[in-house]
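Participant: Residues per chain, in single letters:
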Amino acid sequence: MTAELRYAYYPGCSLESTARMYDLSVREVCAHLGIALTELPDWNCCGASSGHNTDRRLAHALAGRNLAIAEKTGMDVAVACPACYLQLRTTHKEMNEDDAKRQELAHLLDMPYAGKSDVRHLLDIIYHDIGPEKLKKRVQKPLKGLKLACYYGCYLVRPPAVVGFDDPENPTSMDSLLEAMGAEIKDWCGKVDCCGGGLSLSKRKVATRLVSELADMARSAGAEALVTACPLCHSNLEMRQSGGKEDKLPIFYFTELIGLAMGIAGARSWLKKHLISPLRLLARYGL
Amino acid sequence: MRYVEKDELTIAPDFRQEVKAKSQTDIDRCYQCLTCSLGCPVAFAMDYLPHQIVRLVQMGLKQEALSSATIWVCANCEACATRCPNEIDLLALMDALREMALKAGMAKKEKSVTDFHQIFLSNIRQWGKQYELSLIVQLKLKTGDFFSDLGTGLKMLLKGRLKLLPSRLKDTRGVRTLFQKDRKSLA
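As you go down the protein sequences, you meet chains A and B in turn. So in this note's numbering, the last one in the first sequence is 287, and the numbering has no gaps at all. So in this note's numbering, the last one in the second sequence is 187, and the numbering has no gaps at all.
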């Protein structure tokens, strides 16, 4: 763990609101692991699906502004939200493949943009730059007994030509990290299924059906909780899960569990922000 | 899923080429294997299945494709594009159709989705970042659905997961310019 791991951090809009605990846990865990995150100065929203669904050129412009600012810092970008990650990475890739397009974008932005800063997700960074072996040595409170299903969703793995730091149909990076923290990882078939997060507000019934199917699958694989690296999945899985208070599966961010196992003092305050409280489940295992 | 009578159909001869040019993906390679539709998580809520949308475009059935619910029900999960044996980028196809449908004023079905996108983008234009509370309130005003999720929203507010005020950029004007330079935009 050297101090050489330096990134321009792009939290994304959700991490300032519905996913506060993701932002807090990312910052704490990275600081403890020697990953220096400097928040990208004056970053803007990536446009998300609404951007590319209605105007692809605008979507590139919104993502491109952040990439041009990152380039000034001389650092690669570390992204927390998979939807932002895909937007930024798509623009980065398309502009690097086509000089004319890149110059047109720089002109539109009125900023120099050479396409130098790479875009990486924090799961990729923690898995590849730190890795389960080193992480294991930092465990103070092993997550022993806790049965987890790791949920990757869509944009960490799809489309593989753009993202692709893990297997698109059976990713294992999050599983390995949490196994290193002492948890019991359940293999299940919902890892890369869509939760309908993008439709959570506009088509509630569709989202509710997808979330309930995922929760059922995880439960029948023997999991007591789901783990995600996506703020949209997290909110959707919390808000749209059907069943009584006792039946609902708690949803963790992977960084919350890493922080908890590393014995980071603030970890409990992150968990208190959940709609489905994980505290009773954790207490069962002395956590 | 619906079937149409032959005499109801009007063929737009240029539509297929227009979509191919806009989406930059070769939909002519589709041999209707149904991989996209079988793996689609939201197929149950669509009027045409994804492979049928491809076929509609191949046949120049512009009205059917652009006014379909499918293009707005699509959750952008990328499963179809990842699994297509002919490497057809179905998401690029859906994006092209959505953009064309809006421009042609044919995005009439699934208004809650198009309203969502419109509010989402106008918030970015105004503040440079997303402002969830405003997104939720505006969506409620537009759809007339005032009471769902009130408890959840309140709980989130109390837990510090919804900001009362928007966070602003220093250079909001810079972001606004991107929208102005880009006149095709929705917002």
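To be clear, the hints were calculated from the coordinates, so they are not data collected in a lab. Treat each hint with caution, since some may be false.
Below 25 angstroms or equal to it, Euclidean Cα-Cα: the simulated DSS-like pairs (lysine-lysine) are [what the hints assert, rightly or not]:
1. B:Lys142 <-> A:Lys101
2. A:Lys93 <-> B:Lys155
3. A:Lys272 <-> A:Lys245
4. A:Lys273 <-> B:Lys155
Bear in mind that the values here come from a model prediction, so they are computed numbers and not experimental data.
Participant: With reference to the structure, classify each hint as holding or not holding.
Facilitator: The hints, checked one at a time:
1. B:Lys142 <-> A:Lys101: violated, 37 angstroms
2. A:Lys93 <-> B:Lys155: violated, 40 angstroms
3. A:Lys272 <-> A:Lys245: holds, 16 angstroms
4. A:Lys273 <-> B:Lys155: holds, 9 angstroms
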